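Chemist: If you want the building blocks of each chain, they are given just below.
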Amino acid sequence: MAEILLKNVKKSYGKVEVIHDVDFAINDGEFVVIVGPSGCGKSTLLRMIAGLEGITEGDISIGDRVVNKLEPAERDIAMVFQNYALYPHMTVYKNMAYGLKIKKIPTDEIDRRVKEVAKILEIEEYLDRSPRQLSGGQRQRVAMGRAIVRQPSVFLFDEPLSNLDAKLRVQMRLQIKTLQENLGITSVYVTHDQVEAMTLGHRLAVLNGGYVEQLGTPIEIYEKPASVFVAGFIGSPSMNLLSATIEASGGIAILSDGSEVKLPEKVASHAGKPITFGIRPEHIATDLDTDAGINLTVGIVEKLGADTLVHGVMDDGVDMVVRLDGIRDFEAGQKLQLAFPPDMIHVFDESTGKRIA
Amino acid sequence: MIENRPFITFLAHLTLVLGVLLVAFPIWITFVASTHDAVRMTHVPLPLLPGDQFFVNLKTALTESIGGAGSLPVGLMMLNSLIMAMMIAVGKISISLLSAYAIVYFRFPFRMGFFWMIFVTLMLPVEVRILPTFEVVANLSMLNSYWGLTIPLIASATATFMFRQVFLTIPDEMLEAARVDGAGPMRFFWDILIPLSRTNIAALFVILFIYGWNQYLWPLLITTDKEMFTVVMGIKQMLETAEQAPDWHLIMMTALLAMIPPIFVVLSMQKMFVQGLTETDK
Chain A
-17 MAEILLKNVK
-7 KSYGKVEVIH
3 DVDFAINDGE
13 FVVIVGPSGC
23 GKSTLLRMIA
33 GLEGITEGDI
43 SIGDRVVNKL
53 EPAERDIAMV
63 FQNYALYPHM
73 TVYKNMAYGL
83 KIKKIPTDEI
93 DRRVKEVAKI
103 LEIEEYLDRS
113 PRQLSGGQRQ
123 RVAMGRAIVR
133 QPSVFLFDEP
143 LSNLDAKLRV
153 QMRLQIKTLQ
163 ENLGITSVYV
173 THDQVEAMTL
183 GHRLAVLNGG
193 YVEQLGTPIE
203 IYEKPASVFV
213 AGFIGSPSMN
223 LLSATIEASG
233 GIAILSDGSE
243 VKLPEKVASH
253 AGKPITFGIR
263 PEHIATDLDT
273 DAGINLTVGI
283 VEKLGADTLV
293 HGVMDDGVDM
303 VVRLDGIRDF
313 EAGQKLQLAF
323 PPDMIHVFDE
333 STGKRIA
Chain B
70 MIENRPFITF
80 LAHLTLVLGV
90 LLVAFPIWIT
100 FVASTHDAVR
110 MTHVPLPLLP
120 GDQFFVNLKT
130 ALTESIGGAG
140 SLPVGLMMLN
150 SLIMAMMIAV
160 GKISISLLSA
170 YAIVYFRFPF
180 RMGFFWMIFV
190 TLMLPVEVRI
200 LPTFEVVANL
210 SMLNSYWGLT
220 IPLIASATAT
230 FMFRQVFLTI
240 PDEMLEAARV
250 DGAGPMRFFW
260 DILIPLSRTN
270 IAALFVILFI
280 YGWNQYLWPL
290 LITTDKEMFT
300 VVMGIKQMLE
310 TAEQAPDWHL
320 IMMTALLAMI
330 PPIFVVLSMQ
340 KMFVQGLTET
350 DK
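The listed protein sequences derive, respectively, from chains A and B. Using my numbering, the first residue of the first sequence is number -17, and each one after it goes up by one. Using my numbering, the first residue of the second sequence is number 70, and each one after it goes up by one.
Some hints could be false.
Incomplete in silico selection of chain B near chain A, CB under 8 Å [claimed, not checked]:
1) E245
2) D250
3) G251
Stretch-level coverage of chain A by chain B, calculated; a stretch enters the list once three of its residues show a Cβ under 8 Å from a Cβ in chain B [unchecked claim]:
4) 45 to 55
5) 59 to 65
6) 76 to 87
What the hints contain is simulated information worked out from the structure, not anything from laboratory work. In this text, all values refer to a predicted model and were calculated from it rather than measured experimentally. We put the CB at the ideal spot given by N, CA and C, even for glycine.
Build the full structure now, drawing on both the sequences and the hints.
Modeler: Here you go:
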């Protein structure tokens, strides 16, 4: 049980700074997901918490100890690696017991703990096998088991599901969520998969280029993305982002095709200035009576069963994706009238990318 | 490709059989010679079929000294060879494992410099540096000792390089997982690295044991005391009899005996040897 505190944490490789001034706290028992595109520094940040990477500046504390100078083993953490990193020459049992053996925990205690965890994870029958005799999902569970038997105060997950097939990923995702809730251990989970990010975490930290773009609950981040980056990164298919200008009154945005859209609130400060206008594909309506008059020429239609994705272009040639419930039939070249419900519109400053409304 | 052409198959087998016979023939001659007595071996033509003196010769070779110089019985020479070969193989493997471990897993100043220094010694085999090496060994008063026989041959760039390559194939996460588990550098080395390199160690052991066993020039130089003679150079000594004809039957028996340990090592470690040289999956 412990909280994690990142205080003005920076990381540089030589002169290149890859983590810039990361500053947030993870509460005791909380599940925080760090999400971002490849190369955004999310794994580096996790490895800094684990003690596998040095900290250039700032402090990381776990519980009430500053752990900057501590070895990974002294930080009371357990980590699950992307490729599982099981010791290939040891049986599943020995893999799980290895850390405890080094800690000089009595053999009968080790035995009890390993068997208990194996039972939870349903890997009891594999205890005598070697990792290479296991399937991907089983190895993944062993890697989790190795972390759990140590009874750490913090779990660190480095994209643990990315080597699994889609179906197993969903299963394991649920299992990780259930386990974390039952054990109540503070967890940090790194992923680039936004479904994992949205479903697993109590809170998300969206990382971009070494900066934390936004920290908040998944719903906060979905509903009120703090920047163009977060808006485009979270949500699938991603948000339609168009360049537009605010009309003089500040209450209406003029899109690039000339159509006018009412905004949820007045942004007088940006009257007459260029902005980035965002609307999620699932929030665009096609059957509303509207005077907006935004035309979409249908291109490719993807029918996913539960919903239908319509890829099309607006009159001025700008791409737009619309997501509609159920199976819908459209033909390429067909014209659609779109309406943007004002509550679902996001407005970002064009130059800084920050949210305005 | 599946082919059914009997003539080609026959030809292939014939070639292989001839090849085997060609290689095996000298060994056969050695064996035949070791089964006759001294008198038969001086008659021309030399016998091509085994005689009945095998066990007599075996006993003589193992217990008595052969040749005019009155050298060590073969049994003791083989013991010397065995000790030398084991020390060389084990020493080379230990030193190479440690130096490869240092070069791959530790960051220290001039790391690559040290690696290249080790690597460059490939260009300086014992034969090239034999005089200065002899001088060093003599000054350290290691002549006529197992240490003198083995230490100069222990440093091995080849083995260091091979272990370096093996270690580089082991994923970094393995080290990181071990660190999270609380394993220090030596624990990681013993518990993870050595078991993972097991087949490579075995393969190298086979090669290095035979290398050590077959040493000829170096033992010849630094052993003057008969007690320290090794079997490979001993065979040569046996030929240097001043007045009488060489005891061919006993010399061949010795040669035959000298072949046994390397063959034993190869056969017993064959499976791991092949794995160690071909396996890439870690």
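Chemist: For this structure, which hints from the list above don't hold up?
Modeler: Per hint list: zero violations.
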